[in-house]
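S.K.: With the sequences and hints as input, model every part of the structure.
The sequence shown lines up with residues 1 to 314 when you count with the working numbering.
Mixed in with the good hints, there may be bad ones.
[Said to hold, decoys possible] Cross-link-like lysine-lysine pairs, in silico, DSSO-like; alpha carbons within 30 Å at most: (1) Lys-188 x Lys-170; (2) Lys-290 x Lys-306; (3) Lys-150 x Lys-139; (4) Lys-229 x Lys-170.
[What the hints assert, rightly or not] Estimated spans, in silico, between C-beta atoms of each pair: (5) Arg-66 x Ser-164: 49 to 59 Å; (6) Val-108 x Ile-244: 15 to 25 Å; (7) Glu-195 x Ile-244: 16 to 26 Å; (8) Lys-177 x Tyr-231: 12 to 22 Å.
Note that these hints are calculated values from the structure, not bench results. Just so you know, even glycine gets a beta-carbon here, dropped at the ideal spot from N, CA and C.
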Amino acid sequence: MIYPIITLILIVIGFVAIFYFLNRRLKGIEERQKSDQSLLMLNQNLLGMQSRIDETTKAINERLDRAAQVISQVTQELGGMREIGHQLKSFQDFLKSPKMRGGIGEQVMQDLLEQYLSRQQFELQYKFRSGERVDAIIKTKEGIIPIDAKFPLESFQRYLAAKSEEEQEKLFKECVKSVKARIDEISKKYILPEEGTVDFAIMYIPSEVVYYEIIRSRESLDDYARSKKVYFVSPNSFYYFLRIIMIGMRGQQIQEDAKKILDVLLALQKDTEKLGEIISVVTTHITNAKNAVDKMNNEYLKLTGKIEQIKLLK
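M.R.: Printed below as a string of structure tokens:
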């Protein structure tokens, strides 16, 4: 009896051991599978990271290449800028001559005139009967407007470049003196109503900085110029001055065109009246002719009737 029990116990223990062993094996297999999946995911992540690193490296290399090209272009442009700097210095040396600066100022003024007025509306280097020449004139219905462009710019440039207040004061007085002398000369030489000018002249200042220095000067240069009927203009204010002149000339042209149209309409009205008179006469003649034809036709009918009566008598 005891042996079967022992045998049964051993069998149960054997089954338990087998179950335990199989269970350990299954857990080991599951853990290896899990480990394999983790390794697979890790490999996939590493591959993704490697791909992103490669793309980033490629983008960095491309940017570095572009940066190298830009640096090369900038280097070339800097060389060009140095050359431009040398040319500008040469140009500044060239402009140190007052005659050259005056020529450029006159050229700018000429460009503005050509841009906004027709060649029939202005003239350069206009000569008066006295032999004096003014830089430009504008032709208007009220008279010609003389424009002088020979402003003493070099004296103002020395004043603006002065370092000390004492030097500035001295140079400013020289500027005022030279500008007043130029105003007097313009007023005397170019305002000549007997030769068809208006009663004022324009003094062209080729620098905005100098223009505003004059306008706000404590010496009231602007008032002095106005007392001599000379008016200052800078490149900007000269532009607006020309715009006003152009608008006035257009208005004048419109008035002239309107007058021509009115003259044509008046002539047309007179022609229409004459035509009406002719039509009236012709109508009268036609009416008279119609009455004569009607009378002739009646007489013809009467004569035809008498002839018919004579035929009946036969």
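S.K.: So which of the earlier hints does this model not fit?
M.R.: Violated hints: none at all, because every hint is consistent with the structure.
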